[in-house]
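One letter stands for each residue in the lines below.
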Amino acid sequence: MKRRKFIFFLLLPTLLLISFIILYPTVSGVMLSFKNYSLYNFQNIEWVGFENFKAIFSDPFYINTIWNTLEWVLFSVFFQLILGFILALLMKEPFKGRGIYAGLVFYPWAISGFAIGLIWSWLLNGQFGVINDILIKIGIIEENISFLSDPSLAMFSVILVNVWYGIPFFAIMILAALQSVPDSLYDAAEIDGAGYFTKLFNITIPYIKPTLINTILLRTIWIMNFPDIIYGMTRGGPAGSTEILAVKIINTVFYESDYSKAAAHGVVIISILFIYTIMYLKLTSKREFSL
Amino acid sequence: MKKKIFPKVIRIILLSMFFIFAIFPLYWIILTSLKPTQEIYSFPIKYWTNNPTLYGYKRLFEFVNFKRYFVNSIFVSLGASFVSTIFAMLSGYILSRKEFKWNYPIILFLFFSQMIPTYLIMVPQYTMFSNLNLINKLISLVIIYSGFGAAFSTIMAKGFFDRIPKSIEEAALIDGCNEIQSLFKITIPLMLPGLSAILSFSFVNNWNELFTAVMFLNTSDKYTVPVGLYSIVSKAGVQWNVLAAGIVIALLPTIIVFAISQKYIIAGLTQGSLKD
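Residue numbers (full-length UniProt numbering), protein chains in the order written: chain Z, 1 to 291; chain V, 1 to 276.
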């Protein structure tokens, strides 16, 4: 078979499918954001220009939602990375039962975000929650805390849960990368009398930098688009204190049924992610998009 | 590394802390699912139950038709995972093996498709599928999940193929195989661990997807497991032992799949980043 035909036939199914399921709906989603399609108006759908965007930006609460989104993404990624890194370092050296340990410590990653939200909303319940009970028993707090119904604590709580969920992903990626660092590098450093932290910052981190860069970028994008945990815990409440953009879209689709406005929120997310990705790739001067 | 990273005691303490942090919620949800109703809200809180009961599970299967949701989820998740893995296998092979003009733009395209929020495209997808008369049908979810899966799985598959030496195929070509024969007879068998990693990764994602399913499925005989949980929560006055039982059942397949394929997934996810 001709080389070009071969390439064409093997790539075609995937590209067609992705065009049909992602590309085309994305284009029409962006177009939808300039129309007036809602449950109360699906007869005369027409172009309304930037009306939807004007509407969402004139909402005085919107800045709060964007701030929530940044807080959610930043703190989640930061703590997932740091704790995932520590876990990976701890697991690098073999120990008895490491395989089983890995399976148990990594399992949160396989659970649905919504189920995670439900589980933790029960654990953090202000009246019957076991976390309160434990904190009181070990003397950290004196009376029950309303983790999810207190607006000043709700964001902290959902981020805590997202960190719980995301540590395994970072740990898995970093652990695999750590295995690839040649021992000879460490041996050489040791002859030079390098200490643990010198080796960590001068050998380990530079060597696994590509993994770190790719993982952080991908996780940031995913977390930005990830309403499941918050939805299972607070649905954006109380008083909008955990409402991030992705949750706002879901609420706009399911409760307001204003599909064009929801699409406009989606366009805001894509724009933020695009700017972020371009800046991120410039800063890290990395052009290799693989995992 | 000859010197220990952390002194042994600190290492054991830290490893135990990570372990407890990870495992405690699972313990608590299993315990809750087995507690009799009166113990769930009892004070002081009970960390163990002497009267375990399957009441929660019974309610779940008698009144919520969870069995049906489970069967639906298996169909959708397995179906979509197989389709996207097969597609990804073919395209990942090309992207790994062939240098051509569109190689890099396609990888870029796949990567950027990861950036699109599902929720932006949910409504246009709904419109498309309703024009095709495919609303409230499980097959629509199979198609949509296959599409989402194909992008990520192709990137993963490329990583796996990159690890298989080209020379093995070249030898087969010299022995008189054509390219397709060498792909199916030589390369794909070598790829089996990789493919099973990709398959299980997609399975986990598909099994857990909620919002597209909520949008597309509107009668309870079509619900998937996450939609079933979602509907239980929406109903007022749900009992926590019933919900906990639902969560435990929902966890089983992904935890089993993850346990089996964990080491392949780990290898698969990190392929590309290992080589630079």
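Source of the hints: derived by calculation from the structure; they are not laboratory data. Here a beta-carbon is modelled for each residue, glycine too, at the ideal position from N, C-alpha and C. Keep in mind that a hint or two might mislead.
What the hints assert, rightly or not - Derived lysine-lysine pairs resembling DSSO-like cross-links, with alpha carbons at most 30 Å apart: (1) Lys98/V to Lys5/Z; (2) Lys263/V to Lys5/Z; (3) Lys235/V to Lys185/V.
Said to hold, decoys possible - Partial list, derived from the structure: chain Z residues whose beta carbon lies under 7 Å from chain V: (4) Phe6; (5) Leu10; (6) Thr14; (7) Leu16; (8) Leu104; (9) Ala115; (10) Ala194; (11) Thr198; (12) Phe201.
Against the structure, the hints come out as follows:
1. Lys98/V to Lys5/Z: 12 Å, holds
2. Lys263/V to Lys5/Z: 36 Å, violated
3. Lys235/V to Lys185/V: 53 Å, violated
4. Phe6: 6 Å, holds
5. Leu10: 4 Å, holds
6. Thr14: With Cβ-Cβ at 4 Å, under 7 Å, it holds.
7. Leu16: 9 Å, violated
8. Leu104: It holds, given that the least Cβ distance between Leu104/Z and chain V is near 6 Å, below 7 Å.
9. Ala115: Since chain V brings a Cβ to about 5 Å from Ala115/Z, closer than 7 Å, the hint holds.
10. Ala194: 10 Å, violated
11. Thr198: Violated. Min distance 11 Å.
12. Phe201: 13 Å, violated
When the structure is compared with the earlier hints, violations turn up for hints 2, 3, 7, 10, 11, 12 and for no others.
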